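Produce the entire structure from the sequences given, and follow the hints as far as they go.
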Amino acid sequence: MPLNEKAPATRLMQGNEASAEGALAAGVRFYAGYPITPSSEIAEVLAYRLPAFDGTFIQMEDEIASMGAIIGASLAGAKAMTATSGPGFSLMQENIGYACMAEVPCVVVNVMRVGPSTGMPTAPAQGDVQQARWGTHGDHPIIVLSPWSVRECFDLTVRSVNLAEKYRTPVILLMDEVVGHMRENVVLPDPASIPIVNRVTPTVPPEWYIPYEDNPSGVPAMSHFGAGYRHHVTGLHHDVRGFPTLREDEVEDLNKRLFRKISDNLRDIQQVEAYALDDAEIVVVAYGSVARSAKRAVVEARAAGRKVGLLRLITLWPFCRRALERVFPQAKVLVVPEMNRGQMSREVKRVNQGRAEVRTVNRTVGRLIRPDEIMAVF
Amino acid sequence: MKGETQKAYDYLRHDKKFPHVWCPGCGNGIVMGSLIRAISKLELSKDEVVLVSGIGCAGRITAYVDFSTVHTTHGRALTFATGIKLANPDVKVIVVMGDGDATAIGGNHLIHAARRNVDLTAIIVNNNIYGMTGGQFSPTTPYGLKATTAPHGHVEHAFNISRLVETAGGAFVARGSIYHVNLLDQLYKKAIAKKGFAVVETMSSCPTHFNKLNLMGGPVDSMNWLKSHAVPAEKASSLAEEEVRGKFRIGVLADRDIPDYQTEYEQVRLRAREANGYVLDPKEISKLLESYQCY
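Those protein sequence lines, which keep their order, are chains A and B. The numbering of the first sequence is this note's numbering, which starts it at 2 and goes up by one. The numbering of the second sequence is this note's numbering, which starts it at 2 and goes up by one.
Quick caveat, the hints were computed from the structure, so don't treat them as lab data. Just so you know, not all the hints are guaranteed correct.
Claimed, not checked - Pairwise CB distance ranges (calculated):
| hint | chain 1 | residue 1 | chain 2 | residue 2 | range |
| --- | --- | --- | --- | --- | --- |
| 1 | A | ASN199 | B | GLU275 | 26 to 34 Å |
| 2 | A | GLU214 | B | GLN7 | 26 to 34 Å |
| 3 | B | ILE259 | A | TYR49 | 24 to 32 Å |
| 4 | B | LEU216 | A | GLY229 | 47 to 55 Å |
| 5 | B | LEU271 | A | ASP279 | 56 to 64 Å |
| 6 | B | LYS18 | A | GLU358 | 56 to 64 Å |
| 7 | A | ASP254 | B | ARG164 | 42 to 50 Å |
| 8 | A | ASP191 | B | LEU13 | 50 to 58 Å |
| 9 | B | GLU267 | A | GLY229 | 23 to 31 Å |
Claimed, not checked - A few chain A positions that, by computed beta-carbon distances, are all more than 10 Å from chain B:
| hint | residue |
| --- | --- |
| 10 | SER118 |
| 11 | GLU185 |
| 12 | ARG323 |
| 13 | GLN331 |
| 14 | ARG371 |
Owing to the predicted nature of the structure, the values given are computational and were not obtained by experimental measurement. Cβ atoms here follow ideal geometry from the backbone N, Cα and C, with glycine treated the same way.
Structure (structure tokens):
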């Protein structure tokens, strides 16, 4: 680095703060939320910061209202986000389904705590993995990402916003209490270097605009309210013009397109990190803060001469099947440590089809799984 | 077609949207006509109006009119509307809900929207029952009457929607009815023009379910009931209590000049810019991003 250039500032910050900064960098200009531990810092930072960006922070009366407000803001053209934790995430499910159906870009951060119910509000868990996938009623695709470090809270918030805009879908960022509250020294990227994706807007004259018309990408152009492209948005099954329909062919076209726009783009959406996998006979599959313990376990086992590797899932849904397939056939054992009773190991077993032995490490006692607990099953 | 008929026609969608789902004798068509006339008199362009609705019979209005329209989830119309208005203050946001939609499942959102005083217009079509799902009681079903979920008589007491909103803090509260259509046009017009949260409770009827279950006759009987039970607000105060018992006031019930949410929030934006240490070009985003500090 030339001497006259300023070194990038190192900042000590929390995962929740990094997520809020990531939202600002990604262009989020509307945030609606309701206080809940352990996610509240995201709301607090954005309440302080967003108005200076000409954005809007609003504290709503509950999480249902928060989700409704970000969908409304997104329909009006803003990049919009909310953040919550388990009980609030449960309340948001109905409107998350609406955003899937009406194809409204938005980001929901869920900083996971121990459930069910009020559970342990200040303690970490990963119990919402299947809820993030299937929480709202009816069949629908969804994108879910999970960070393991403070810097990644920043990066994946940016990525969540970008994916939401690109595919016109809600994106769930599944953090956990450890990642959200942990403080690390981070160097944030130069704002100019951050890739920003904006939704595709219509270029045809308004009278030609067909709001839900299929195209090769499966993602229709989106006009915001007030831009002169009057159209109808509904959570009912709708035809290409957005109006309610019960016609089997129109319903099926919509269903297929909603799935196709995600499943045709798995290479773009799915992200994993491989560590020491080349010759690994024991492969740990982990995500979120637990992957930190898993990496330590792998490093120590390698030092002891064991052929162990780590496949870290960054995209949780759609499940990274292709990445897991690559560890066969030399993998004899798959180890899946999770702070739940086996929500992702069930998916690993489905793909494994009996090829390797799957061992699980499950803790739901409100603390991070330790490396030695993972090494105990190597 | 001439005059008002032509005007209504001009504001309806003409691609594939009719017939509508409403029953013969339903008040929702009258509400739609009134709303169109009010918007037309205010000379709002179709492009600057966003109409938001909830779920239920009244919620179907959004599919028929030629504005930007959102048919939201049950009870949540005001939350969507809040997001739309705050993200794009240039549009006029009008919300149409039924009584169950607005005051049961959406009751919390209603009182908070009123308290927050976001610049929205909310039309609450009150037919005292859940029509679309088949005649179950709502928070405005009168005590003692019947519904499919109160087959032995209703033992709960009804909300007074207008008073509820007035107490919660709305800038403008009015009540009209589908019988008093000229007044309804005026009330909608005033509510839409009002800066702040404005509610018009619109007394309507449901001949299909409410009247059938309570032996109240057909649509004409409903109209007669509305006619004989409405008392102009300006008259009501001079009448004896016995004369107004069981009746409802119509007209403007509250009209207050209080700053709306956005006006207040502009102050927040100014203070935040000062706190972040920058003079005031929101486009200088990278500067702002670098201004991270501990809180």
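- Find the hints from earlier in the document that the structure breaks and name them by number, from lowest to highest. none
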